[in-house]
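Read in order, the letters of the sequence shown correspond to residues -19 to -1, 1 to 638 in mature numbering (1 follows the signal peptide of the UniProt record, and there is no 0).
For the record, the hints were derived by calculation from the structure and aren't laboratory data. Ideal Cβ placement from N, Cα and C applies to all residues, glycine included. Incorrect hints may appear among the rest.
Label pairs and their calculated CB-CB ranges [stated by the list, open to error]:
{"no.": "1", "residue 1": "E425", "residue 2": "N182", "range": "24 to 34 Å"}
{"no.": "2", "residue 1": "A320", "residue 2": "P43", "range": "51 to 61 Å"}
{"no.": "3", "residue 1": "E381", "residue 2": "T524", "range": "47 to 57 Å"}
{"no.": "4", "residue 1": "I318", "residue 2": "E588", "range": "43 to 53 Å"}
{"no.": "5", "residue 1": "G167", "residue 2": "V137", "range": "15 to 25 Å"}
{"no.": "6", "residue 1": "G541", "residue 2": "Q372", "range": "29 to 39 Å"}
{"no.": "7", "residue 1": "I344", "residue 2": "S148", "range": "53 to 63 Å"}
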Amino acid sequence: MLKLLIILAIFFLNQESLLFVQSFNFSFESFNPGICGNSQSRLICWGSVNSDNGTLNLTPVPSQQQQQEGNQIARVLFRYPVTAWPASFSTTFTIRIVTNLTISGDGIAFVIAQDDKPSPPESFGSYIGILDASTEGGVLHQLAVELDTYKNEHEVDDNHVGIVTTSVQYPIAVKTLNNTVYLRSGKEITIKIDYDGWKKNLQISAAYSGNPLVNVLTQKIVMEETVPQSAYVGFTASTAYFFETHEVLSWNFTSYDLPRKSLKEGVGRNKERIALSIVIPTVVVCSLVFVCIFGKRRKERKGDMEMLTRNAANAPRLFTYKQLSKATRNFNKENLIGAGGFGSVYKGVLLSDPPEIIAVKRINATSGQGEREYLAEICTIGRLRHKNLVQLQGWCHDKEQLFLVYEYMPNGSLDRYICKIFLDWKTRYKILSGLASALLYLHEECGNPVVHRDVKPNNVMLNSDFNPHLGDFGLARLLHSDNFVTTMVAGTPGYLAPEVSYTGRATPESDVYSFGMVVLEVVCGRRSRGIMEENSLLDSVWTKHEKNEIFSCVDQTLEGKFDEEEAKRTILVGLACLHPDRLHRPKMRKVVQIFMNPQEPLMKMAESRPTSVSLTLHSTSDHYSDHSSDQYSYKKGPGKGSSMDSLPDEMTVVFDD
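Given the sequences, and given the hints that come with them, work out the whole structure.
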């Protein structure tokens, strides 16, 4: 035991923290047209570069109408610098080299450059845009991984990978790719480059897209001696007189800053080590005792939950708290991307291959249920799969907290755009029709009906193509069991159906009402101030509808660039969904049919705004039953303690604007 403690003490004294201090990542799943000509884009481009059909084209082959000019050079860099050391990084990109010639060249390279300047002016041909004759020998401090397609006198063949620092003619490592991929095959090829900042190893892997990656070259690189601490990453390519297009189809990059190591240790440090050599073994002994007593029980409990998760149908992945904490940098406030009634949402990065970006919802409070009860409800949420729902990917229940892991939506919530960021009419219509499809699925197509309870722009997430994804569905039931009593009204003021304010119960019809308010906000480009407030959005739209001025409701920032028939039908759908009497609101199936089919007849609309509604109430202690018919009723129950227990079994409430 004494020897073990000594070994552990020495280990702890000589090891720096293995935690990553900070992570940085970016990703291009495709490249928008004109990305190189946009000063606001994340890329800087020089030379012969363009983008079309989602690809980045370096040294594109000239068309027959264009002059056949050789000696092309292209360089594309990520606009912002990254930390090159002390750090580890991983980058994956997919390329395709296209040519109509038997012989072509010269190749493409991934580069870590010392600055955000163009390639040297004479770096065409075999220099691949990395160096030229005037900069060979260490003038530039950079590192490049070249994918060479032309055999020069000093090279092994016309299909190799090399690592270049100060000289293209004398790379520090070269390896043929003949046993792995053929660069000029015209096929999509995936390249992965990993740098381990601890071991100082650079590893290069390659394969045709869809095939397992194969390690083709590993080389020891001391990054501190090679490039500046802050550097730029990107691609360079070149041709001589034999043309080829170097296409980049996708690119992602992730780096992790490492803790700095002290280079000099004084006497004070030695004294500190002596003290630690006494304290650490003591702590280790106590820790071992704790692990022996409590570790076995915790391990058995964890194993039991993992088995239940594996065996349960539709069970999302079970994460550990450590995994989620590491992914979100210990739930760093810089990773916070949203907050709502159920909790805070953090952006995270899972260290998978390739790294995966996730959104982690940290629940504020739970109903006191155990893991088994949570698992049952989470499986129910996990089975809900629709293209317009945010997909639940996993969960964690640890430290008396509940965490839900969702797919990450890069464009954030719809709330960010209303009144703030311009959206064209086509995008707005797509968002509303997708949201309607999601609600139809929840209400009628997913088996047991699911009432969302809180449909609002904050809960409508947008992916990179601005396709809508409805989130936070099922959370009300997850966090409040059937016996859990709450005085909180389901929903958000401004989107809350009138009857919910009295009954405290959400129904599919109340979801329809909330959807109607979102419709008006998106079309009009205004936020709702609530139906009880003077000059509310609903007041304004009804007034203009009654005056036959409905097009004046449409967001003025569109400058008249919208489909008038679509806009009119959409506004009328919104008004129909906002009928104060739930029995007169349309079903979501009808709403979806109107969005999808321009010939679908609209529901009958009142000539003027409805001003009152009769509402039948039962005791709030009653429990709500979902039915597939048009009627949703309340059944008398034996519950006590409600503030409305003294109400008669049935009463009529009439309210006016």
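Status of the hints after comparison with the structure:
For E425 and N182, the hinted distance range of 24 to 34 Å is not satisfied, since their beta carbons lie about 56 Å from each other. Taking the beta carbon of each, A320 and P43 are about 53 Å apart, inside 51 to 61 Å as hinted. The hinted window of 47 to 57 Å between E381 and T524 holds, with their beta carbons roughly 51 Å apart. A beta carbon spacing of about 45 Å between I318 and E588 agrees with the range 43 to 53 Å that was offered as a hint.
The hint said 15 to 25 Å for the Cβ distance between G167 and V137, and at roughly 22 Å that hint holds. For G541 paired with Q372, a C-beta distance near 38 Å keeps the hint of 29 to 39 Å intact. Checking the proposed 53 to 63 Å range against I344 and S148 shows it holds: the Cβ atoms sit about 57 Å from each other.
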